[in-house]
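**Student:** For chain A, the structure is supplied; the task is to place chain B on it using the hints.
Line order of the protein sequences matches chains A and B.
The opening position of the first sequence corresponds to residue 1 in the working numbering, with each subsequent residue numbered one higher.
The opening position of the second sequence corresponds to residue 1 in the working numbering, with each subsequent residue numbered one higher.
No lab work stands behind these hints, which were simulated from the structure alone.
Predicted model only: the values in this text are computed from it and were never measured.
Note that the Cβ used here is the ideal one computed from N, Cα and C, for glycine as well.
Per label pair, the in silico range of CB-to-CB distance:
{"no.": "1", "chain 1": "A", "residue 1": "ARG382", "chain 2": "B", "residue 2": "ASN61", "range": "27 to 33 Å"}
{"no.": "2", "chain 1": "A", "residue 1": "GLU319", "chain 2": "B", "residue 2": "LYS94", "range": "55 to 61 Å"}
{"no.": "3", "chain 1": "B", "residue 1": "ARG13", "chain 2": "A", "residue 2": "LYS192", "range": "35 to 41 Å"}
{"no.": "4", "chain 1": "A", "residue 1": "ASN233", "chain 2": "B", "residue 2": "PRO385", "range": "57 to 63 Å"}
{"no.": "5", "chain 1": "B", "residue 1": "ASP85", "chain 2": "A", "residue 2": "GLU4", "range": "29 to 35 Å"}
{"no.": "6", "chain 1": "B", "residue 1": "GLY121", "chain 2": "A", "residue 2": "ASN53", "range": "51 to 57 Å"}
Number of protein chains: 2
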Amino acid sequence: MLNETNVALGKTRSSIRELFEYGNKRKAEIGERNVYDFSLGNPSVPAPEEVKNALLDIIANSDPVALHGYTSAQGAYSVRKTVADYLNKLFATKLDADCIYMTCGAAASLTITLNALVNVGDEVIAFSPYFPEYKVFCNHAGAVFVAVESERDTFQIDFEKLEKALTAKTKAVIINSPNNPSGVVYGEGVIKKLAEVLKKFSAETGNTVYLISDEPYRELVFDGSIKVPCVFNYYAHSIVCYSYSKSLSLPGERIGYIAVNNAMAEFSEVYAGICGAGRVLGYVCAPALFQRLVERVYDKTSDISIYKANRDTLCSALEEYGYKVVRPDGAFYLFVKALEEDAKAFAERAKEYELLLVAGDDFGVKGYVRIAYCVSADMIERALPAFKKLAESYK
Amino acid sequence: MLNETNVALGKTRSSIRELFEYGNKRKAEIGERNVYDFSLGNPSVPAPEEVKNALLDIIANSDPVALHGYTSAQGAYSVRKTVADYLNKLFATKLDADCIYMTCGAAASLTITLNALVNVGDEVIAFSPYFPEYKVFCNHAGAVFVAVESERDTFQIDFEKLEKALTAKTKAVIINSPNNPSGVVYGEGVIKKLAEVLKKFSAETGNTVYLISDEPYRELVFDGSIKVPCVFNYYAHSIVCYSYSKSLSLPGERIGYIAVNNAMAEFSEVYAGICGAGRVLGYVCAPALFQRLVERVYDKTSDISIYKANRDTLCSALEEYGYKVVRPDGAFYLFVKALEEDAKAFAERAKEYELLLVAGDDFGVKGYVRIAYCVSADMIERALPAFKKLAESYK
Numbered sequence: 001m002l003n004e005t006n007v008a009l010g011k012t013r014s015s016i017r018e019l020f021e022y023g024n025k026r027k028a029e030i031g032e033r034n035v036y037d038f039s040l041g042n043p044s045v046p047a048p049e050e051v052k053n054a055l056l057d058i059i060a061n062s063d064p065v066a067l068h069g070y071t072s073a074q075g076a077y078s079v080r081k082t083v084a085d086y087l088n089k090l091f092a093t094k095l096d097a098d099c100i101y102m103t104c105g106a107a108a109s110l111t112i113t114l115n116a117l118v119n120v121g122d123e124v125i126a127f128s129p130y131f132p133e134y135k136v137f138c139n140h141a142g143a144v145f146v147a148v149e150s151e152r153d154t155f156q157i158d159f160e161k162l163e164k165a166l167t168a169k170t171k172a173v174i175i176n177s178p179n180n181p182s183g184v185v186y187g188e189g190v191i192k193k194l195a196e197v198l199k200k201f202s203a204e205t206g207n208t209v210y211l212i213s214d215e216p217y218r219e220l221v222f223d224g225s226i227k228v229p230c231v232f233n234y235y236a237h238s239i240v241c242y243s244y245s246k247s248l249s250l251p252g253e254r255i256g257y258i259a260v261n262n263a264m265a266e267f268s269e270v271y272a273g274i275c276g277a278g279r280v281l282g283y284v285c286a287p288a289l290f291q292r293l294v295e296r297v298y299d300k301t302s303d304i305s306i307y308k309a310n311r312d313t314l315c316s317a318l319e320e321y322g323y324k325v326v327r328p329d330g331a332f333y334l335f336v337k338a339l340e341e342d343a344k345a346f347a348e349r350a351k352e353y354e355l356l357l358v359a360g361d362d363f364g365v366k367g368y369v370r371i372a373y374c375v376s377a378d379m380i381e382r383a384l385p386a387f388k389k390l391a392e393s394y395k
Numbered sequence: 001m002l003n004e005t006n007v008a009l010g011k012t013r014s015s016i017r018e019l020f021e022y023g024n025k026r027k028a029e030i031g032e033r034n035v036y037d038f039s040l041g042n043p044s045v046p047a048p049e050e051v052k053n054a055l056l057d058i059i060a061n062s063d064p065v066a067l068h069g070y071t072s073a074q075g076a077y078s079v080r081k082t083v084a085d086y087l088n089k090l091f092a093t094k095l096d097a098d099c100i101y102m103t104c105g106a107a108a109s110l111t112i113t114l115n116a117l118v119n120v121g122d123e124v125i126a127f128s129p130y131f132p133e134y135k136v137f138c139n140h141a142g143a144v145f146v147a148v149e150s151e152r153d154t155f156q157i158d159f160e161k162l163e164k165a166l167t168a169k170t171k172a173v174i175i176n177s178p179n180n181p182s183g184v185v186y187g188e189g190v191i192k193k194l195a196e197v198l199k200k201f202s203a204e205t206g207n208t209v210y211l212i213s214d215e216p217y218r219e220l221v222f223d224g225s226i227k228v229p230c231v232f233n234y235y236a237h238s239i240v241c242y243s244y245s246k247s248l249s250l251p252g253e254r255i256g257y258i259a260v261n262n263a264m265a266e267f268s269e270v271y272a273g274i275c276g277a278g279r280v281l282g283y284v285c286a287p288a289l290f291q292r293l294v295e296r297v298y299d300k301t302s303d304i305s306i307y308k309a310n311r312d313t314l315c316s317a318l319e320e321y322g323y324k325v326v327r328p329d330g331a332f333y334l335f336v337k338a339l340e341e342d343a344k345a346f347a348e349r350a351k352e353y354e355l356l357l358v359a360g361d362d363f364g365v366k367g368y369v370r371i372a373y374c375v376s377a378d379m380i381e382r383a384l385p386a387f388k389k390l391a392e393s394y395k
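This is chain A alone, in the form it adopts within the complex:
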């Protein structure tokens, strides 16, 4: 008998991937321009020009043995130092290179962190709507995944529900702000309140709950006034999982990091756990060339004004057609109320208009669809009449 859990996971494509494959088939049938594919969170804005220039320069002018050789498992020291210094500059933290562990992207950051913290039977909380792979990652690490509903309509944390969900077995809470799939950002007030709740719970029960902040969309916020607060400044037992996939439009290259808050007393234990978890999962080091790239372009971001324009076009039009939209502050997703109770049925009907929308059920929320607007402005313009007809079909 094989490992049937993993065989089953390998056989079921996520519904997002299913839809994406359907889209490719449909495009072949009726032409690429006639299918409006909002299924995947693959950045549509190119990497900043500095990425190309830096890669060409590094490859042309480095000793290949040094460039392509193993780095230490945690990542090259100078790269980790650069990341720590930049975080300190952004957030007034006091991290050093040894707080940083370079990874093969956000998924690796999460699996490594979970495998460092979790013992079999522990519980890990996330707030719905949540990225569906959280459950898969938690279960492999031995944890029970606990979804806590967010506040209706705003998708902010429902603290009453959170307090009820905390138990003696809770090992960690995962937050994801800006959020996939809702685009919602947690402001400073929410993070402060969250820290208070966790501190109070620890004080009362003696159980330390770790706060894992999954931040691949940190730089994708659309108004100067909106800031993604750094959890390190509010809660000692916190770990940031980061990826350059979205900020630098490099999702296929698998480069990111884990930052461990050195304000926690057990910092060395947690960091050692991360090093050990990286070993057992088979992560020898993060890709060396892209580590060197990070050292050069750590403070650059793709042109996110394109995503903002997409959001504005889409939100305004959808509201005009009668859809109920939470106008998101970040990421590149809209989470829109379906026009009937069953979001899967709604997404099916959308397909009749060649609109590919992901039903929110997989994100743990019924009655919504996710629209990934990391697409061309041109496709959005072409898709608007289809959204209009879809709305009219419900009238």
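**Tutor:** Structure of chain B alone, referenced to chain A:
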């Protein structure tokens, strides 16, 4: 409580890494030229010139969104097709693109394969001397790691011992040829015999045992007459774990693949298990740029004549000084009999002559040291008097 297994693994550096760090400290004290560091298996021969040219060309002339975007989890189709076609050409197999799963290097190939096959309590066999991380990878997947001693002196498979080790719980046997740390290559006769033993065991017990062939050193063989046979041609239930780390001198870039033999009846189940295991471990896709690179340079190899020259210089000199050496056919390691019973004491005494040799204990064999000769010819020449003095100190 954190995950104490992983915390402990993060705290203990492997003895190889310990020695490497000692070497760096010692070099700072007495000068780089005066320390003879044979500790690490980091390729010293640069990547072939084609690697640099292909990387520059791909980066300069590709659409960055397509280039750096997610590939499918298994890897880009055209890349997998290239790999399958090349294996078919080399080994007269009949693989197609869907037999290949691109990975972040050999460690990922192994952890993914083990997590696809293993249920808690299964046993996985490897032959000592073995790569120490095998045990770590097996344990995380839930398997009991079973080391079977190789034949003394030749380090070929001891089939009598293997037959005794096979049980109802045996899920897989890992082979590694050319071998780290011995450099020994299994010829066709050994692979045939191994296949026979496993087939006979399956026929008698109904228990299918998978053969995992870990082949990062496949191209590193030093005589035209020596071929590394492809296990697919001898045993249906076989899986090849490959990495370009050594053949293309790209160990830091984390690029390799898993090939699943489509001759086995349960092929689709095993491949699905691999896709699922990749998901749970957090491997979203192998680094996209290096997948594209593989498509261009799949048939290139670093200049291994440099390793061969190193082997010849070192073997001849060591034999002359009175060491007992199994002259290896491949990889870039010598496994040399220590001049006293306790290899750790021997390696400690070697340090007095500034020779950094890894005691074989961690590889599951007592009384030997590993010499990684992926170093400059110049360092070897400078180290020879130290090897001579070390031998004389035992006379």
